[in-house]
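So the chains spell out like this:
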Amino acid sequence: MKVAVVGKGGSGKTTASAIVARTLARHGLSVVALDCDSNPNLGLSLGVGDDETERLASMREALDEGQEEHTPGWDQLIERFGSDAPDGVRLAVVTRIDNPEPGCL
Amino acid sequence: MRVAFVGKGGVGKSAIAGTFARFLARRGEPVLALDSDPLPGLAYSLGLERSDAPIPDDAVEEKAEGDSGPRWRLRAGLTAAEAVEAYAATAPDGVRFLQFGKHRGDAGRLWRSQFAYRQITRELPADRWSLVGDLPGGTRQPFTGWGNFADTVLVVVEPSAKSLLTGRRLARLALAADRTWRIVAVANKVREPGDEQLVAARTGLEVVGAVPWDEALADAEQQAAAPIDVAPRSAGVRAVESLVERLSAAPPAPATDQEGVA
Chain A
1 MKVAVVGKGG SGKTTASAIV ARTLARHGLS VVALDCDSNP NLGLSLGVGD
51 DETERLASMR EALDEGQEEH TPGWDQLIER FGSDAPDGVR LAVVTRIDNP
101 EPGCL
Chain B
1 MRVAFVGKGG VGKSAIAGTF ARFLARRGEP VLALDSDPLP GLAYSLGLER
51 SDAPIPDDAV EEKAEGDSGP RWRLRAGLTA AEAVEAYAAT APDGVRFLQF
101 GKHRGDAGRL WRSQFAYRQI TRELPADRWS LVGDLPGGTR QPFTGWGNFA
151 DTVLVVVEPS AKSLLTGRRL ARLALAADRT WRIVAVANKV REPGDEQLVA
201 ARTGLEVVGA VPWDEALADA EQQAAAPIDV APRSAGVRAV ESLVERLSAA
251 PPAPATDQEG VA
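Line order of the protein sequences matches chains A and B.
Number 33 in our numbering belongs to position 33 of the first sequence; there are no gaps in the numbering.
Number 120 in our numbering belongs to position 120 of the second sequence; there are no gaps in the numbering.
These are computed hints drawn from the structure, not numbers from a lab.
Please note that the accuracy of each hint is not assured.
[Claimed, not checked] Below, computed lysine-lysine pairings styled on BS3-like, alpha-carbon distance capped at 27 Å:
#1 A/LYS2 / A/LYS13
#2 B/LYS63 / B/LYS102
#3 A/LYS13 / B/LYS102
#4 B/LYS102 / A/LYS8
[Claimed, not checked] Between beta-carbon pairs, the in silico distance windows are:
#5 B/ARG246 / A/LYS2: 46 to 54 Å
#6 A/ASP64 / B/PRO70: 23 to 31 Å
#7 A/PRO72 / B/GLU245: 51 to 59 Å
#8 A/GLU69 / B/ASP57: 39 to 47 Å
#9 B/PRO92 / A/GLU68: 48 to 56 Å
#10 A/LEU29 / B/GLU61: 53 to 61 Å
[Claimed, not checked] Partner residues aside, some chain A positions facing chain B, computed with beta carbon under 7 Å:
#11 LYS8
#12 GLY9
#13 GLY10
#14 SER38
#15 ASN39
#16 ASN41
#17 LEU44
The C-beta atom is built at its ideal place from N, Cα and C for all residues, glycine as well.
Next up, chain A with everything else stripped away, as it sits in the complex (with noise of 0.2 Å):
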């Protein structure tokens, strides 16, 4: 199963996937939980905290910096830039761009 949850900012999205994750896990699949919003709060809504949620923040900020090297494959990836969250759901922050840059206008 691979869902991809979508909204408007604030309506739900990130609290809604925590649950969906949690909920999968416990009924024994093995779930990975990708946080692919540049802004990530996912860490927050799973319950692994605030400060291992900027540490991921970070560790993919270091990437886009060009100070990190990326992974081969998806196995590394999400145990470089992923964590454990309660219920066994494995957690990776997959995207985040962290410095302005003159890129839109």
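Since the structure of chain A is provided, determine the placement of chain B on it from the hints.
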């Protein structure tokens, strides 16, 4: 006054920005309200029935081969003030409104819109026009250029963990930008004593306004109506009025004293 509202999606940027623009206009200042959010919502909060007011494609032209300057600009002879006069919708209290962020199918049109936005915010006479910008939600887009017109960045934060964390990230990004602007927080959906202090502590920003949790504002959102029209005496609307008064009385000081970042 040139203010930009930023914050996590759903914290109430549009509702506060729209109400803010209306009160500012009631003080007698010409106000241009700018929506650069790809999920536009500012028009309704201003009291407009239609949600769209774009700069038309034919008002923007591509520079000729070999010319210097930006790739697109307002067509020859069209000034920023004339573009506002011609294309901006007029909301109650005389607020003018332009919509820039909405995706209209292809990247070329978005580019035209973004260049027009940049030119209008830069060239509109600062001593005459006040600008109120409702910027894209989240952390990725606001400081890629949408916020450059602002002398004051208002980070809207509600007392939830996700919004507080986003507010902290936005404060960091705004401070890191090569700008001298005042960066302050507005606490929204405040329910308890201590919420305002929580916002200050977690973002590291001065909290210049606290808007209480207000069912009337939520109802206005549901009706796609302007809070200032449907709930003019509600606590939320009055809190935004106080914010306008406070910022009008205290011109922005650059953020140079905040952590030494110029």
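Evaluated hints:
1. A/LYS2 / A/LYS13: At roughly 15 Å apart (the allowed maximum being 27 Å), A/LYS13 and A/LYS2 satisfy the hint.
2. B/LYS63 / B/LYS102: OK: B/LYS63 and B/LYS102 at ~23 Å, within 27 Å.
3. A/LYS13 / B/LYS102: With a Cα-Cα distance of about 21 Å, the restraint between A/LYS13 and B/LYS102 holds, given a limit of 27 Å.
4. B/LYS102 / A/LYS8: holds (14 Å)
5. B/ARG246 / A/LYS2: 46 to 54 Å: Roughly 49 Å apart at Cβ, these two residues keep to the hinted range, so it holds.
6. A/ASP64 / B/PRO70: 23 to 31 Å: holds (26 Å)
7. A/PRO72 / B/GLU245: 51 to 59 Å: Cβ of A/PRO72 to Cβ of B/GLU245: about 58 Å, so the range 51 to 59 Å holds.
8. A/GLU69 / B/ASP57: 39 to 47 Å: This hint holds: roughly 44 Å between Cβ atoms.
9. B/PRO92 / A/GLU68: 48 to 56 Å: Check passed, 51 Å falls within 48 to 56 Å.
10. A/LEU29 / B/GLU61: 53 to 61 Å: Holds: the Cβ-Cβ distance is about 56 Å, inside 53 to 61 Å.
11. LYS8: Where the cut-off is 7 Å and the nearest Cβ of chain B is about 6 Å from A/LYS8, the hint holds.
12. GLY9: holds (1 Å)
13. GLY10: holds (1 Å)
14. SER38: holds (4 Å)
15. ASN39: The hint holds - A/ASN39 has a Cβ within 7 Å of chain B, the shortest such distance being about 4 Å.
16. ASN41: Hint on A/ASN41: holds, closest Cβ of chain B at ~4 Å, below 7 Å.
17. LEU44: Because about 5 Å separates A/LEU44 from the closest Cβ in chain B, which is inside the 7 Å limit, the hint holds.
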